[in-house]
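Trainee: Heads up: the protein sequence lines correspond to chains F and E, in order.
Numbering that gives the first Met the number 0 puts the first residue of the first sequence at 0, with every later residue one more than the last.
Numbering that gives the first Met the number 0 puts the first residue of the second sequence at 0, with every later residue one more than the last.
Quick caveat, the hints were computed from the structure, so don't treat them as lab data.
Mixed in with the good hints there might be a few duds.
The list cannot tell twin chains apart, which means a pair is met if one copy fits it or any two copies do.
[To be verified] In silico BS3-like links for lysine-lysine, alpha-carbon gap of 27 Å or less:
(1) Lys17 - Lys174
(2) Lys292 - Lys17
(3) Lys94 - Lys36
(4) Lys94 - Lys174
(5) Lys323 - Lys36
(6) Lys174 - Lys323
2 protein chains.
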Amino acid sequence: MPSGPASGEDSLIARYFKPIATDPGAFGLDDDAAILKARGEDIVVTTDAVVEGVHFLPDDPPDAIARKALRMNLSDLAAKGADPAGFVLTLALHKADDAWLAAFAAGLGEDAGLYGCPLLGGDTVSTTGPAMISITAFGRVPRGRMVHRSGAGAGDRILVTGTIGDAVLGLDILKGGATAAALAGEAAARDVLIGRYRVPQPRNAIARAVRDHASAAMDVSDGLAGDLAKLCAASGISAVIDAPSIPTSVAAAGLLANGATGIAALITGGDDYEVLCTVPELRCEAFAAEATKAGVVVTSIGTVISGTDRPRFLDGEGREMTFKRLSYSHF
Amino acid sequence: MPSGPASGEDSLIARYFKPIATDPGAFGLDDDAAILKARGEDIVVTTDAVVEGVHFLPDDPPDAIARKALRMNLSDLAAKGADPAGFVLTLALHKADDAWLAAFAAGLGEDAGLYGCPLLGGDTVSTTGPAMISITAFGRVPRGRMVHRSGAGAGDRILVTGTIGDAVLGLDILKGGATAAALAGEAAARDVLIGRYRVPQPRNAIARAVRDHASAAMDVSDGLAGDLAKLCAASGISAVIDAPSIPTSVAAAGLLANGATGIAALITGGDDYEVLCTVPELRCEAFAAEATKAGVVVTSIGTVISGTDRPRFLDGEGREMTFKRLSYSHF
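All chains, full assembly: derive it from the sequences and hints.
Mentor: Right, here's the structure in full:
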């Protein structure tokens, strides 16, 4: 059959993604490229991909997969002190399943609206392998104001948003691990932890506070221990962390208290999408106040010290903790 | 074994991609995000992905795979009249093979230099499926000057750069199809066509001429027939194409002459990465002169007419041609 201009791929894009590509710069996804208006600020660019079976599970809800893929990138923008400006999407699928695509696009469109980060364009391709979603997101910062991993100075306080370790516990539940057994009778706690794994809560509400007060920042995506080590290496400094200060959710704290998990698992597990930052002592009060006003909990977990040793995590008795691995790595 | 901050993924990035990420905005790939300096122009954003077994063959040379992935995106920028500004890369791999990665990064770095399009950042993930490379590329145009698919007006000439149909013949050779048999004794012709499939020649040299003279433009990636239909639909016009005017390489012309291929296969096959544009009659001379100066051959293949009928391709006797399909589609 002769096919018109609307091929399968084009009609898929028209049906599911055109309705959510409402930004004028997206040109209704009818062109080869999008326009990101630059108004003299710096454009912050970040890219993060998720692969079925690696970053999400095949039967995860498609709207949650979409939200996670976008929010991972939004989390990077937040940690860099940037305000969301838009994103492009690459979607590699084994087949075009209408119900899956409708739910995926709905979740993506809702989050694009919620975070003010419009879909600008993308590419849809077929693959014989697992599904993959790659997002490149854009943010704006005043010129020269992106917050780097480098910049931390000795004496700065080390702060983290939200709670650490929930996502790795949620994943363990979904995989039927020990956490599932430990929470066998506690559906609410299980749901909280699974929710934290499936749908991160990026801290874009404090991007401006990070920009105005942090000396260095990054988002916690591969595990707090490993990510802090990266920040320290980039800044040429070291750190001491008071492990019991690391904020945990009620669900995670319960599991810690009854020995069903350990702090090491929580801080090396990844998928937290919290902001880790260093803030000079004199700015901590203002930073905390602005974070509170934005509805984001921040917790001081340690101090930057001079030197190039790997950051040390001290337990409740002041003993240095050791970890089998610091964070997740793909290879 | 405890792992330091340099995990497998990080050391892979440090070894292969950091050396080619020389732009100051890439921060040596040591941060979570890159900076694209905006100087008041519009930022043009395009994204295109390639999947092993779909867009490239598993044993294609890795440097050619890298070049193709980048050049597909560069071709979009050229067609939009944009000057390259940089790109980010998502690389999904089954395993980290040193020889493959070294060659891939070398090809990518060479092209980044050749086209003035620096690597700004990226993400490297593992997959259990075929390799996939997704690139998001950025270009700059003066404000409001991106060339759209819409904008073609009745009476405009329709022009295309380079030659059409080589890549689909090259792919047919690699797959051991009829073209391989037809060129059994002609190694040079085979190499030309395979080269056109593996390493496109994006027409960034005429981006400015496109911006200054074309009323509408797009790159030919899915097949001339289908892509022209998309341009016509976006512009709300129709077109008449003189099929014998469509430029072909010496190798393709030989195959046409001896009946080993047909014009329909060449103009519906895709992977050309040439610029298709419409230029008002009064500007054609200037456009052609600037293209010649830039070393790019442009050929007039037809005329824009009013109406919304699908564009018509006429053969040497003025008869309308019909096609089984207009272009490649993933679903």
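Trainee: The structure should be examined with respect to each hint, and the outcome stated for every one.
Mentor: Hint check results:
1. Lys17 - Lys174: neither (35 Å within a copy, 36 Å between copies)
2. Lys292 - Lys17: Classified as neither; 36 Å inside a copy, 39 Å across copies.
3. Lys94 - Lys36: For Lys94 and Lys36, neither the intra-copy (34 Å) nor the inter-copy (38 Å) Cα distance is at most 27 Å.
4. Lys94 - Lys174: both (25 Å within a copy, 24 Å between copies)
5. Lys323 - Lys36: This pair counts as neither: shortest intra-copy Cα distance 46 Å, inter-copy 41 Å.
6. Lys174 - Lys323: Within. Shortest intra-copy distance 21 Å satisfies the 27 Å Cα cut-off; inter-copy 48 Å does not.
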